[in-house]
Each structure stands twice: as structure tokens, then as C-alpha cells.
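**Q** Each chain is listed here by its residues.
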Amino acid sequence: MTDPALSLTDAVTAFLARRARWSPLEIAFWLVAASTIWLFPAKHLILTEICIWALFALSLDLILGYAGVISLGHAAFFGLGAYAAGLMGKHGLIAEPLLALVASGIIAAVIGFVTSFLVLRGSDLTRLMVTFGVALILREIANKYSDITGGADGLQGVEIGPVFGRFRFDLFGHTGYVYSLAVLFVLFVVARRIVQSPFGLSLQAIRGNPLRSSAVGIAVNWRLVAIYTLSAGYAGVAGALLAQTQAFASLEMFSIERSADVLLILIIGGTGYLYGGLIGALIYRFLQDYLSELTARYWQFWIGLILVAIVLIGRDRIGRWLAPAQKLAETISQWRPGRARPAAIEKAEP
Amino acid sequence: MLTILFDGVAYGMLLFVLACGLSVTLGLMNFVNLAHGSFAMAGGYFTVVLVNRMGVPFLACLPLAFLFSAALGALFERTLYVHVYRKSHLDQVLFTVGLIFISVAGLDYLMGSSQQFVNIPEMLQGQINVLGVGVGRYRLMIIAICGLLTVLLQLMLTKTRFGSRLRAAVDDQRVARGLGINVGAVFGLTFAFGSGLAGLGGALGAEILGLDPVFPLKYLIYFLIVVTVGGTSSITGPFVASILLGIGDVAGKYYLPTLSAFVIYCIMIVMLLWRPQGLFARPR
Amino acid sequence: MTVVLETRGLDKHFGGIVAANDVSLRIERGARHALIGPNGAGKTTVVNLLTGVLKPTAGQILLDGNDITGLEPHARVRLGIARTFQINQLFADLTPIETLGLAVSERVGHGHDWWRIVGSKPEVTREISELIERFRLGDVMHERTAILPYGKQRLLEIALAIACRPRVLLLDEPAAGVPEDERHEILATVEALPQDVTVLLIEHDMDIIFSFADRISVLVNGALFVEGEPDEVARDPRVRAVYLGEAFDA
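Chains as they are written, first to last, in the working numbering: chain S, 5 to 354; chain C, 93 to 376; chain H, 848 to 1097.
In short, the hints are calculated from the structure, not lab data. Every residue gets a Cβ at the ideal spot worked out from N, C-alpha and C, and that includes glycine. Take these hints with a grain of salt, some might be off.
Facing chain C, a subset of chain S residues (Cβ under 7 Å, in silico) [as the list claims (entries may be wrong)]:
no. : residue
1   : ILE74
2   : ASP128
3   : THR130
4   : MET133
5   : VAL134
6   : GLY137
7   : ILE141
8   : LYS148
9   : ALA264
10  : ILE271
11  : TYR302
12  : GLN304
13  : ILE307
14  : LEU311
15  : VAL315
16  : LEU316
Listed below are the simulated DSS-like cross-link pairs for lysine-lysine, each with C-alpha atoms no more than 27 Å apart in a straight line [unchecked claim]:
no. : chain 1 : residue 1 : chain 2 : residue 2
17  : S       : LYS148    : C       : LYS345
18  : C       : LYS310    : C       : LYS345
19  : S       : LYS148    : S       : LYS94
20  : S       : LYS148    : C       : LYS310
Can you build the whole structure from these sequences, using the hints too?
**A** Structure (C-alpha cells):
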């Protein structure tokens, strides 16, 4: 005779295990992604760009989708990583690109750690301005020390060594793509693990109800510092990838346009389930191509229009339209690294 | 040095006229209208078209720019913004960033991406001698006009019925509604007025700040600084903040040219952390 | 009997408003202490001060004789104080399993683990299921908290505090808003709390107070008015005046 208490425990364990399991849909996603290496060699350059945006958006998801921190200046870390990797390449400080990548990520993470304390205090508006301000400051610094950074002309003369000493970055972007995709995958897996962990759960709790979180014993501020630092590191790696695959870095990488674009990408794809950044990057890049063909350099107009439309229609409502598709995905197997689309991040009480 | 002070005050007052609409909107609706600069830009371009292409006298364009941007503001507020008031801060940010993109790309398409200059009338060009100091006539005019506007605003706010309704609604929306104040109308009028002021500021500022399609983004941080340092519960707060920022920026550019922007941003961050509700806000 | 939680001259001013006025409480270990008073008396303020959500303008808070006045809320939870909120403060997007799992993980020290998956420790899952069983949340444990019926949410609210295995439990109107027929579940839960857990209960419902409390403190306008055993307090004419007076004004 089964002990009812035991089977309840089993049910709880099963629920939590299912929550974390790789669903067939996820596995299919990555298999398809990997297959593009062989199936679409002509598209490798654009696919590399998508990987980079995806990683950048993933980094933003960590703080926005999981911890609820709105940032208008995440490009600060992106640019930092880019210049770090670019300078390492240019001056031969670290020849092996993967090591330089890791080093750039660490540098960005350190600055993220330092600035994370600024983000803990104040309202959403304060956070917005502080993050915006940090990006502006970094851009100013890069601009000021133009003899090191190349200033407004960008960092010239960057040379990236071959990966593992063997695989050169070629003009067609083949090495670049495999490299970027691999980095994206590895970092994704790590992020996935983190959001499935007790730490990741506490972040979701903090996003949902910081008051209750501290009433349950969670040291809210330290968790936010930790995830902000990690997120900055990820953004730095994304920037470094860009610098390495394009052998170039520019002030534009710190710009508010870039911070706003990555926010848009994440919103298009959806926050809080990790794949939003990846899907958003795909949609964004193809949208950009399509719209550019239609209206040359004014494609940003349409992007703005889409943003406004998304907000007016309501991200919740759009989520509900997509619910049938999501139900289908769920019946294929219970999937979600975390949960279904969370509700919109609520306004703080004035 | 007096010139710097003078220029700084002029710059500051211009910033005030540009940003005070944003301050009131934030205090009134708890709404972060990042696209505020777009209304300023609209006023600026409107003036450019009227003065440069249609020969309308510059001074006449100023009230016209005000009306134009006010009308634009009223239109957008009633049709679009009103749906976004209750949404989360993130949604408001996305919405206004979208509007910025639309306005930046739109104006780029309509007017081209190069900087536009207004043909200011002769009498406003050059300098006049005041107490042995050469002061720019244009800047003198700015100080005069903006000063007058500030006084008018303060009077309006404190002495008129609309002003007291506005202050009530800023203080506590629900109670104001309960008292029968038509908060929706107050919002609409205030938003339109604030946008109008921004447009006027854009028209005045084309000569000093430079007018190009990225104006809303370039000056966004300045508007935000004025609003957060000055607080949202009065006119005097943003006014003083603008003057300080104006003087600080001009002085900085003169004495520490490569560091000035850097210093301003650092000071901003320090301010935000030390007094998140602004230097001049009433303690809540 | 040892005093486990004590406040000395606790004051809280909001500008000109005095929310707490020289509040000095002594709560003994294992006590079932009730805090009552008219609306706006400052009862929730006292709880917020005790848990660290508010910093006192003056005064001290002592836990087991140690001064905890300067500690952050999460630090006090680790020392053994937990509370429920008058209006449910739950995690709308998390399921009861995840909510309780969160509290349990934090308590056993796994809260900052970033490499393991939630639910991989059997002691944690066992405890989660015990709590679910005890609070009869089994039929809704997979659902998002936001869609649970109010009564279940209230039970979850209490379960969440219990999951912290507190030595001192502060219950802020646990039965508030719960329909008449579901109240007994809440009450049964409160009654069933282990004897060594000290409970401070804020309630308006007099039946609950008198069946549960062994000591009552009456708070009026932020100050302690009367304190004593239930019978004494019930008979005290000043208390009646305060409550009857309030009923006439209301």
C-alpha cells in the first residue's frame, strides 16, 4: 500500500524535475541552430550578428526578466567588453581569442559589480537614469582617451588571432559563426542552470515581491548585485564577440540606441524565459533586413511603430494570442526554463 | 567669467523651459515621458520651416511654435498616451522610446539629417555692451523671454484655479478626483501646455543647442537631470536645477573641456543616490 | 518564564504623525499574545517595526536579550522571526510548491545555490510536501498563486511564514477577508502551532482572540493602553469605551 505522504513528495519532486528538464522543443531549437552551420553557409555573417544580439538580449533578460531591473544603459557593458577585446587583440595582450573573450567578460563583470550598488536604490526612474548615466560616462571616457580607443573613428587595427591557435577568422565569417554560436550555447546552458536553481527562484521572487522576499529571509540586495554582475559579464562577452568577429570597436557600442535596441529585442521575444532574447534577435534582424529594403535608412521608424503598437496592444494580450501556440508547445512536452510568460512588471507604489 | 555666468544662465533658462513640461507630467501622472524632447524638436523644425522657407518673422514664430507643439501634444495625449498611464514603468519606457524612434527617423526623412539653422533676425545677432561686458543679444532675449515665462508659470500655478487644481492633482490624484476635479482634463491641458513650452524651447534653442533629428536623444539626459534633481512638486525646483546645470555645463566646457560631460554625469549619479526624490522636493 | 521578544520605548514618527508611542512589550516564550486595538491604532506598524520593515525613531527591540534594532528584515528572519501580512503578500507567478520551496531552501542555507536545480535535495522536497499536506494545498500546488482562491492564498500566506520555522511568529490578521465557512481552517492551523513557537497575533475577531490568546495588549493611537489576561481586558471599562466609542464613530 502506498504511503500517501510519500506519493505527495514524489509528486512535488516530479513537478520540480519536470520544470527543469530540457524539453524536446528546446533540443530541437538547438539542433536546428547547429545545423545552420552546414545548411546556410552564405548567411553566416548575419547569423553571427544574430548570435551576438541574442547573447546581449539574454544578458538583459537576466536582470530585467528575472530580477525586474529596468536598464536603459546595458550597452555600457557591451561597449566595455568590445573595447577590452579589441584592445587585447590590437596590442597582442592576449592572443588567444577565447581567453580574451573570458577576460573581457570578467572586466565587464567587475564594472557591473561596482555599478550594481547604484542600481539598488531608488525608483524605476532613478534606475533608468543611473544606468543611462553609466553608459554615457563610459562613452565619454572612451571618447576622451581617443589616443587609446581611437575616439570617434573607432578602434582601428584590431587583429584577432586564430581560435585555439588553429581556426583563423575568415572573411566569410564561418569561423566567426561557429565561435559565436558555441559561446552563445555554453553561456545559455549556464544561464539556464542558474535560473533553475534556488538562486534563480529567489530572483523571480524578488521581481515579483521584494517585500515578501526579504520577509522570507532573502538578502535581496546581495542577490541583485550578483545577478547584475553576471548580466554585465554576459553583455561584455557579447560585445567582445562583436569586436572579435568584426575586428572593430566603436563608440556607437555604448550608445542609447544600442541599449534601446536590445530592450526592444528582448520585449519582442518575451522576457523571463531565456529564449526571448534569442527569438527576439532572430525576429529583429530579419525585420531590419526586410524593412531596410522597403525604406532604406528609415527602418528605425517602423521599429518605433512596432514598439508603440506592442505597448498599446499590451504585452499580456499578445502573450494571450500566442497562448494557443504555447499550449501546443506545452503538450509536446512540459517545457520552460522557469515558467510561462510572467505578467508585466508592475509599477512600484508611488 | 561674467560671460560664462551669463551664457550659463541663458542656457539654464532655456533648459528650464524645455524641461518643465516633463517635470509636471512626471509629478502629475507618474509618467516618464522620454519622448518629451521630440515635442521640442517639432517646435524647432516648425520654426525652421516658417522662418527659412516662408519668411515668417522669427519672433512671431515663437508663439506659433508653442501652439504647434501644444496641439501635437494634445493630439498624442488624447489618442495614445492616455492608454499608457496605467501601464507599468517598463511599458511606459518602451512606448516613449518607440515614439523617439518614430520622431527621429521621421524627421530625418522629412528634413534630412544635417543640422538646421534658423535665420534669426539682425537685431538679435551679435552683442551689446552691458556694464562693460559683451553679452549676446540672442541670449539676452532668451533670458528675458524665459524669465517672463517662469514668472507667468509660477503665478498661474499659485494664483489661478487651474493652478490649484493642478497642484491638487499632483499631490493626490484620487483625492483630487474625489473633490470633483476633472483629472483627465487637467492631464490633457497640462500635457499640451508642457509640450507647447517644449516646442517654444526648441524654437528658441535651435540657435544655441543645434537642431538635428537626434535632438530628443542628445538632450534627454539633461531633461532628466533637471527633473530628478529639481523634483516634481514645484516650479522652483526644476528652475534652480536648470540654472545650476546650465552654468555647470557652460563653465565645465570652458574650464575642463574634455572632462565636462563626464563630470556632469557623475554629479548626476551622485545626486540621484544621495537624494532620489530630488534636491528640492518636499519630504514625503 | 523567559522573555523572548521585548521592545523598549519604541517610537515611530512619520513627520508629524505619531504611529507608535513609547511601546514597551514583553512577550514570553511559548506565549499566545494578542495585540488588539481600533483601526489605525498602529498594530501593523508595531509588526513592521519588529520585523525591520520600518526603522524606529527611538527605542530598542530585543530578541533573546540581544539588540536587533539595527538588523535588516532578512537577518531577523534568520534569527527566527517570521510574519504574515494583513493583505496577502505572495509571489503571483510562482506555484505554492515553488513558494514554499523558496522559503525552505533559504532556511536550510541553499538559497544562494546557483548550480543545483530546485528540488534536487530530498529533505527540501519532503518538507515542501509536509507543508502542503498540513495546509491542505495539495489540490492547488501546481497552480500559479495568482489564480488561487482567496482562502487558499491565505493558507499559503501562513504556510510561507511557517516554512521559515520561526521561533517567533507574528500573525497580522490571519483571518482577514476569509469567508466565514473557511475561517475554521485558518484557526485550526493557528491552534496547531507547536508550543515552543511564540505567537503574536493581531486580530479584530474577538472570538478568535479569546479562544486563542493567553495575554492581550491593547493598542490605541500608537500607545499601549491596557495589558493583561483576556478576562481582565474584557472586563476593563476603559477598553469597552474605546471599542464602543469607535463603533459609534464608524
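**Q** All hints are to be evaluated individually against the structure, with a verdict given for each.
**A** Results of checking the hints against the structure:
1. ILE74: holds (5 Å)
2. ASP128: holds (4 Å)
3. THR130: holds (5 Å)
4. MET133: At about 5 Å, which falls below the 7 Å cut-off, the nearest Cβ of chain C leaves the hint on MET133 of chain S intact, so it holds.
5. VAL134: This interface hint holds because 6 Å falls under the 7 Å limit.
6. GLY137: Interface hint status for GLY137 of chain S: holds (5 Å vs cutoff 7 Å).
7. ILE141: Because about 5 Å separates ILE141 of chain S from the closest Cβ in chain C, which is inside the 7 Å limit, the hint holds.
8. LYS148: Holds. Min distance 5 Å.
9. ALA264: holds (5 Å)
10. ILE271: This interface hint holds because 6 Å falls under the 7 Å limit.
11. TYR302: Nearest chain C Cβ about 5 Å off; hint holds.
12. GLN304: holds (4 Å)
13. ILE307: holds (6 Å)
14. LEU311: holds (3 Å)
15. VAL315: Holds: closest Cβ of chain C sits about 4 Å from VAL315 of chain S, inside 7 Å.
16. LEU316: OK, holds: LEU316 of chain S within 7 Å of chain C, min 6 Å.
17. S:LYS148 - C:LYS345: holds (13 Å)
18. C:LYS310 - C:LYS345: holds (16 Å)
19. S:LYS148 - S:LYS94: holds (19 Å)
20. S:LYS148 - C:LYS310: Measuring from Cα to Cα gives roughly 18 Å; hence the hint holds.
Figure legend: structure checked against the earlier numbered hints; every hint is met.
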